[in-house]
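Starting from the known structure of chain H, arrange chain C on it as the hints suggest.
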Amino acid sequence: MKQLVAFSLLTLALFSCQKVIDVDLNEANPQVVLEANYTAEDSTVRVRVSITSSYFDASTSPTVDNAIVTITDQAGNVITVPSVGNNGEYVLTNYIPQFNTTYTMNVLYNGVNYEAKCYLQQPVPLEEITYEFTPGFFGLESGYFVYLRIQDEPEILNNYLIVLGLNGTPFSDLSDMFLQDDLFTDGNLLERPLFGAFELFQLGDTVDMELRSVDVAVYDYYNQVIGIASGGGGAAPANPTSNWNNSALGYFNAYGNSRRSVIIQ
Amino acid sequence: MPKIILFVLLSLLAFQSNAQRFTISGSIKDAANGEDLFGAAVVVKELTNVGTTTNAYGFYSLTLDQGEYTLIFRSTGFDNFELKISLNADITQNVELKVPTDVQQLGEVQVNAVKENDNITSTEMNVTRFDPKSIETIPVLFGEKDIMKTLQLTPGVKGAGEGNAGFFVRGGGADQNLILLDEAPVYNASHLLGFFSVFNSDAIKDVSLYKSGIPAEYGGRASSVMDVKMRDGNNKGFGASGGLGLISSRLTIEGPIVKNKGSFIVSGRRSYADLFLGLAKNQDVPKDTKLFFYDLNAKANYRITEKDRIFLSGYFGRDRFQLGDVFGFSWGNATGTLRWNHIINQKLFSNTTVVYSNFNYEFTIGAGDDGFGIRSSIQDWNVKQDFDYFLNKNNTLKFGINAIHHTFKPGALTGSNESFNEIVLTPRYAVELGAYIQNEMKIGSRINIMYGLRYSGFDLIGKGNAYEFDAKGNQLSSTSYDSWETIKYHQGIEPRLSASFIISENNSIKLGYNRNFQYLHQLSNSTTSSPTDVWVPSSNNVKPQIGDQIALGYYQNLNKNMYRISTEIYYKHLSNQIDYRNGANLVLNDQVEGELVYGKGKAYGFELQVEKKKGKFTGWISYTLSRSLRQFDDIDNGDWFSARQDRIHDFAIVLMYRVTKSIAISANWIYYTGNAVTFPSGKYEVNGQIIPYYTERNGYRMPDYHRLDLGFTWYMKDRKHFEHNLNVSVYNAYARENAYTITFQDNPDNPGETQAVQTSLFKIVPSVTYNFTIK
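Going line by line, the protein sequences match chains H and C. This note's numbering applies: residue 3 is where the first sequence begins, and numbers increase by one. This note's numbering applies: residue 961 is where the second sequence begins, and numbers increase by one.
Please keep in mind that the hints were generated in silico from the structure rather than gathered at the bench. Hints may contain errors.
[As the list claims (entries may be wrong)] Selected chain C positions facing chain H (Cβ under 7 Å, derived; list incomplete): (1) N1342; (2) P1640; (3) N1647; (4) Y1654.
[Said to hold, decoys possible] Using 27 Å as the maximum straight-line C-alpha spacing, the simulated DSS-like pairs for lysine-lysine come out as follows: (5) C:K1503 with C:K1344; (6) C:K1576 with C:K1520; (7) C:K1189 with C:K1250; (8) C:K1432 with C:K1520; (9) H:K21 with C:K1723; (10) C:K1432 with H:K119.
In this text, a Cβ means the ideal position worked out from N, Cα and C, and glycines have one as well.
Isolated chain H, as found in the complex (with noise of 0.2 Å):
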C-alpha cells in the first residue's frame, strides 16, 4: 500500500528537488542491538550483538564478544551460542530443529538479561514459480517478473517473508524483500506478481525464490524497518517493535524455508 502512495508521489516527483543537508542530532545513549536468526534449513542460529553510535558516524557500530547467548527449546534443553571472533557474532551449528514448538533465547550484557521467544512454523512449500513478460515503465526496460504462488492452509495464521535470487545470488537489501500475509487469501491459492526496485528479469535467467514462514511478531518486525530502511516509516517514525525485552533494538527470528527456481524461456 505505501508503495502505491509512492507511486503517485513520484510524479510530484517530476516537479520536486532534493539535495543533501547538514541536520545537526543529538547522541543517545548507546542502546544493545540483537539481530538473532536460527536457520531451520541448516540447522544454524547466527546471533550478532551490537551497540547504537552516532548517526553521521562513518565507522559501523561498536560489536560486544563478551555476551553470553543461549537458546532454550520448548522442553526446557538449554545450550550455549559461542562467539566466534570479534565482530559481535556468536554461532552454533547442528541444532536440529523442531518444528511447531517455541524457542527463547537470553542474551546477557552487562548485568543486563535480555530475553525473546519465537515459534517455529512448520514451512509452507511454494508452489511452482511462474512469469509474465510486460512491456517497461518508469525507468524499467521490459522483461518478466515472476509470481509468488502458494496453497495457503486455511484458518491456520501464515506470515511470510519472501526474498528473491538471480543466478544464484540473492537481492538481500531489506527493501528487495517482500512480505505476505494470508488474510485476504486465507485457504486459497495465492498468487502475487513481485515487482521491486530490481531490474526485470530476462530470457535465460535463473530465478530463484525463498518462502520463509515467520511468526507474526517477526512479521510485523519486518514490516516495520523495512519501512524505515525505505526512508519511510509514516509521521511519526519510531523503532520498530522488537519481541525482544528490555528495550534491546532488534530481533529473533526461528523459521523455515521453502525453495524453488525457475528458468526464464
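Frame of chain H, contents of chain C only:
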C-alpha cells in the same frame, strides 16, 4: 404621602401603556445583482448601540418603541443608505445597497466612515471573514485566487505545508475543522494533495472562519468552523465571468430565473496539469497518464411568496490520477442542499435544510481481469431546522435542532483477480444529533454578549460488529448488532460564550469561551495528509474528542480607522486525542480501533494582526507565537511532546498597492519556524544495513520556511458590458528550496556513511491568468 405614591404609580402606568413597540423588518441586498447581504447592519442614528445585523439570508428585524427614527443601512464595500421612518405600526422595508460610484477599482477595500469600527463593536470575536472582492489581488500558488491559502496568511491558521491538504487552527488537528459549503460538510477540501482548494472563488459569497467563541449553531469539530456560503446568482440580469490560466481555467454563468424573484449560478473549473506531463518528454511516463481535477458548483433560488424562498445548491468535484493501465487514484466530494426560508412573522425567521454529502476515493491497480480496486466512502444525510428570533432591540435569539445520519464505508476490496477474497470492511452507521439555543444580548451601550448552549449526541448503530481489545490491541471479542440497534451512545453539553466590552469608539476588549465535542476522527499516519486518510466514528472504544478553549482579545483602531490592530491570547485543552501504535496498520483494517492509543493535548498562543484598510496601500501583517503539545501514556513514556503542527513563530506580511487605476501590484512574504518532526538520534545495523535509531517523538524541527510571492494585475480598458484583466504572478519569487521532507539514508557514493536528504517541491513557479466578466 399616599397621594405621591398614587401619582408615581399612575405615571408609571401611563408610561407603560404609551410604550408600544413595533417592528421593522425586511431584507438587505446588493443593488447590482440582488445578492443577500449577510452581516449587514441597521442602526438607529439617534440612539447608541441600538441596531441589528442581517442573518445569513439577508433578513433583519428591529423592534423599537413607537417613534420617529433615522435608520442607517450599511455593509462593507457599499454606500450607507439612510431612511427616516415613523414607526407607528409594523413595517416591512427591503433595502438595496449600492457600491459607491467613485470606487471603480476592484481590490481596494473601501470601508465606509460609519461602519469602519465594526471590528471594535461587534461581539463576533475571532471570526476571520473574507468576501472574495477583497482577496482578488493576493497572489497565490499558480495564480489562482484561493480562499484557503489566504486564510493561512491570517494569525492562528497554519497550512499543513506544500503538498498537504488541510490546515491547523490554534494547534488543533487537521480533522478538527468543520468545513461547510452551504451547510453541507466537506470532508476533503483540497485538490491535487493541497495545491488547490475545492472552493472556486467565483461562486463564493462569504467565508467565515471561527477560531474561538464558536456560536452554538455549529457543532461537530473541536477547533474551528469554516462556513462557506455560495453566491445566489444575479437575479437582475445575465452575466458570465471566468479565467484562462496556465494550469487551470474556470467559467461562471449566472442569471435570473424570474427577474428579482429567482436566480441561478453555475460555476465550473478544470485543471489540465496532465498536459504538462505530456510535455515532460519522459518515456517513463506511460501513454494515457492523467492528472486533473474539476469542480462544478450550481445553485438556484426562487422566491415563491413574499415570505417563502427556496434554494437548491450542489457541488461536485473530483481529482483523478491515472498512470496508464497500471495504477489509478481518484477522489472527490459531492454535496447537495435544499433549503426553505420562511418568515413566520416580523420577528421570527425560519430555515429548514436537507443536506446530502458524499466523499469517496478509489484506487485501481492493474486493469481488466488482473485488476482490483479499493474504494472507501462517507455519506451523510442531514436535516436541520433553525430559527432566528429577533426578540427585542437588545436580544436576538437563535435556536434549532439537527440530525445527521452517517454511513461509513471504510473500504471494499473488489476485483476479478481470483486470488483475492472480496473484502468488504464492515460499514458503520451513526446518527449525530444537535440542539442549541443562543442569545445575542446588548447591555447598555458598551457590552455585547453572545451566550448559548448546545446539546450534542452521537449514536453508533448497527448493522455491524463491535470489537473489544486488550491493552496491547489484540481483539478480545466481537459482538454483532442489528440495523439501528445502538452500539454506543455518546453525548455532551457544549456551553459557548463570546462577549465584548467597548471601551471607546476606537478600542474594545473581547472574551470567548467554547466547548466543542467531536465525534468523527480522521486517522493520518503519513507525513502528507492524504485523501485516503481514514475517518472513524466514536464507538465503544473511541471516545469523542473534546476541545475547551478560552480566549481574550484587545482591539484598537488608529488614525480614524485606517489601521486596525488586534491582539489575542488563547488557551485550548483537548481531550481524547488519538494516535497510533508503532507500525499500526491503518489500511483495509476492520479492527483499526485496536491500533489506536489515546491521550490529551494543549495549545496556547498569542496572535497579533495589524491591518491597513484604506488608501492606495493596503494589507496586513500577522504574527503568531504558539505551542501545541500532546501527551499519551503509550508514547515516549507518557512525557509531553510537541504535536507535528507545533510551529512556534508564524509571520506573514501581505501588501497590495494600487499604482494607477489600471495597475495593481501585490506581494506576500511568509516566514515560519519549522514543524516538529522525528529524526534519528543514533544508528545501528540490521541485515547489514544502517537503520536509524529514534528516541523522542517530534523532538526535532524542520528547517525554517520562507517564501515571497509577487503579483501584477493589469486592468485593461473596460467596454460597456465587458471587463477584463491580466494577472501575472510568481510563487516563491526567490526560488527558496523549502523542505517538504527530510529523509535519512545511505550515502550512495560511500555506503557505510549516512546523509540527510531534503526534498523540496516547488522552486519558482510563474503563472499567467486572463480574467473576464460579462455583464
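Evaluation of the provided hints:
1. N1342: violated, 31 Å
2. P1640: holds, 5 Å
3. N1647: holds, 5 Å
4. Y1654: holds, 5 Å
5. C:K1503 with C:K1344: holds, 25 Å
6. C:K1576 with C:K1520: This hinted pair holds, its Cα atoms lying about 16 Å apart.
7. C:K1189 with C:K1250: Since the Cα atoms of C:K1189 and C:K1250 sit roughly 31 Å apart, the hinted pair is violated (cutoff 27 Å).
8. C:K1432 with C:K1520: Violated: C:K1432 and C:K1520 sit about 63 Å apart, past 27 Å.
9. H:K21 with C:K1723: holds, 13 Å
10. C:K1432 with H:K119: Holds: C:K1432 and H:K119 sit about 17 Å apart, inside 27 Å.
Consistency with the previously given hints fails for numbers 1, 7 and 8, ordered from lowest to highest.
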